[in-house]
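Please build the complex by placing chain B on the supplied structure of chain A, with the hints as guidance.
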Amino acid sequence: MSVVSYDNAPFPVREALSAAHNRVWRHISEPGTWFTGENRVAIANETRNAPGCALCAKRKEALSPYQVDGAHDDLGALSPGLVETIHRIVTDPARLKQDWVEGLIDAGLGDGEYVEAVGVVCMTVSVDTFNSAAGLEPPPLPDPMAGEPTRSRPPEAKPGDAWVPWIAPEDAGAYDGEVFAAASSNVQRALSLVPDGCKAFFDMVEAQYLARHEMRDFGNEFRAITHTQIEFIAGRVSALNQCVY
Amino acid sequence: MIGGADGDGGIPHSEILGRFAEAAIGDDADVLAAARMELVGALGDAAMVDTSAIVATFTAIDRVADATGIPIDAARVAPTAGLRGQLGIDSFPSNAP
Chain A
6 MSVVSYDNAP
16 FPVREALSAA
26 HNRVWRHISE
36 PGTWFTGENR
46 VAIANETRNA
56 PGCALCAKRK
66 EALSPYQVDG
76 AHDDLGALSP
86 GLVETIHRIV
96 TDPARLKQDW
106 VEGLIDAGLG
116 DGEYVEAVGV
126 VCMTVSVDTF
136 NSAAGLEPPP
146 LPDPMAGEPT
156 RSRPPEAKPG
166 DAWVPWIAPE
176 DAGAYDGEVF
186 AAASSNVQRA
196 LSLVPDGCKA
206 FFDMVEAQYL
216 ARHEMRDFGN
226 EFRAITHTQI
236 EFIAGRVSAL
246 NQCVY
Chain B
28 MIGGADGDGG
38 IPHSEILGRF
48 AEAAIGDDAD
58 VLAAARMELV
68 GALGDAAMVD
78 TSAIVATFTA
88 IDRVADATGI
98 PIDAARVAPT
108 AGLRGQLGID
118 SFPSNAP
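Top to bottom, those sequences are chains A and B.
Take the numbering used here: the last position of the first sequence gets the number 250, and nothing is skipped along the way.
Take the numbering used here: the last position of the second sequence gets the number 124, and nothing is skipped along the way.
Only chain A is shown next, with the shape it has when bound in the complex (with noise of 0.2 Å):
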């Protein structure tokens, strides 16, 4: 089992950041709602893979990314609908469309398997955005473990006003205490037909940017930045990505 480390890099890295990519790395590993460790693992090399593939390089520079058919430079270990998931994701997210998002899942790619493979796809771009951003090389990907996969859907999963079905407020009353409880965002509960997934994200999210309970408390600073110079650079990355959200 790889394991994620700064103790070698040229300045200190806070112990809870290293814990958090440790634990992000381990759950990648790990079998998940609906793909083995391999899968997982797989995905997060596929993510790696995926800023060098010249179909994507193309897409990105057409008006239209639906416009320009071919095949991904891919690793070979994926489904061609994983691969697509995967390659968009990390290389034009800003273009994504209800209509794909459908038509992958219409093409056999399950929404679990589809919202599964959203997680670990950003959980790796963040730690490798992490990496590369404090001038480290990325950490090596995970062993992966053995396992089945759970299969477990959560019931009170059902569509509503995402892509992707999802545990909406008013049928979150089992999850108090969750990152998607009924009061959470809408961005909170965006995974939450993979409830793991979503949790783990949100992990790595609250050691990165701020608790839940920082994220309010004006008073405290938690960081080596404020709270304002932290929304300045959230806000900033986010309109460089285009993200309405």
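Quick caveat, the hints were computed from the structure, so don't treat them as lab data.
This list has only true hints and no planted wrong ones.
Here are the in silico distance ranges between beta carbons for each label pair:
no.: 1; chain 1: B; residue 1: Asp72; chain 2: A; residue 2: Ser84; range: 41 to 47 Å
no.: 2; chain 1: A; residue 1: Asp181; chain 2: B; residue 2: Gly112; range: 32 to 38 Å
no.: 3; chain 1: B; residue 1: Asp117; chain 2: A; residue 2: Gly152; range: 43 to 49 Å
no.: 4; chain 1: A; residue 1: Ala21; chain 2: B; residue 2: Pro39; range: 23 to 29 Å
no.: 5; chain 1: B; residue 1: Leu110; chain 2: A; residue 2: Arg19; range: 30 to 36 Å
no.: 6; chain 1: B; residue 1: Asn122; chain 2: A; residue 2: Glu142; range: 35 to 41 Å
no.: 7; chain 1: A; residue 1: Arg28; chain 2: B; residue 2: Val104; range: 30 to 36 Å
no.: 8; chain 1: A; residue 1: Gly115; chain 2: B; residue 2: Pro98; range: 19 to 25 Å
Only part of the chain B face toward chain A is listed, based on derived beta-carbon distances under 8 Å:
no.: 9; residue: Ser41
no.: 10; residue: Ile52
no.: 11; residue: Val76
no.: 12; residue: Asp77
no.: 13; residue: Phe85
no.: 14; residue: Arg90
no.: 15; residue: Ala92
no.: 16; residue: Ile99
no.: 17; residue: Asp100
no.: 18; residue: Phe119
From a predicted model like this one, the values you see are computed outputs, not experimental measurements.
No residue lacks a Cβ here, since even glycine has one placed at the ideal position from N, Cα and C.
Relative to chain A, chain B alone:
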């Protein structure tokens, strides 16, 4: 289209932080290295680490939002309408269905 901002806008070191954020999600390693050095020089290593973690967080959160098509939270639609229009945010491609 959101352009580059001039000045700190009342947020200490926002120019430096903004340059670093932009470089961190860009693809020019030299620009990123220069922005990192500038940030460390102004605010120190711990601030660079925490800024990297914020960039890493939101570049992932944006992808979760884009890939799942979640709407803006109802409570935030009206209060942010003017700002979204003024800044052109409603014209972002991720606002298309």
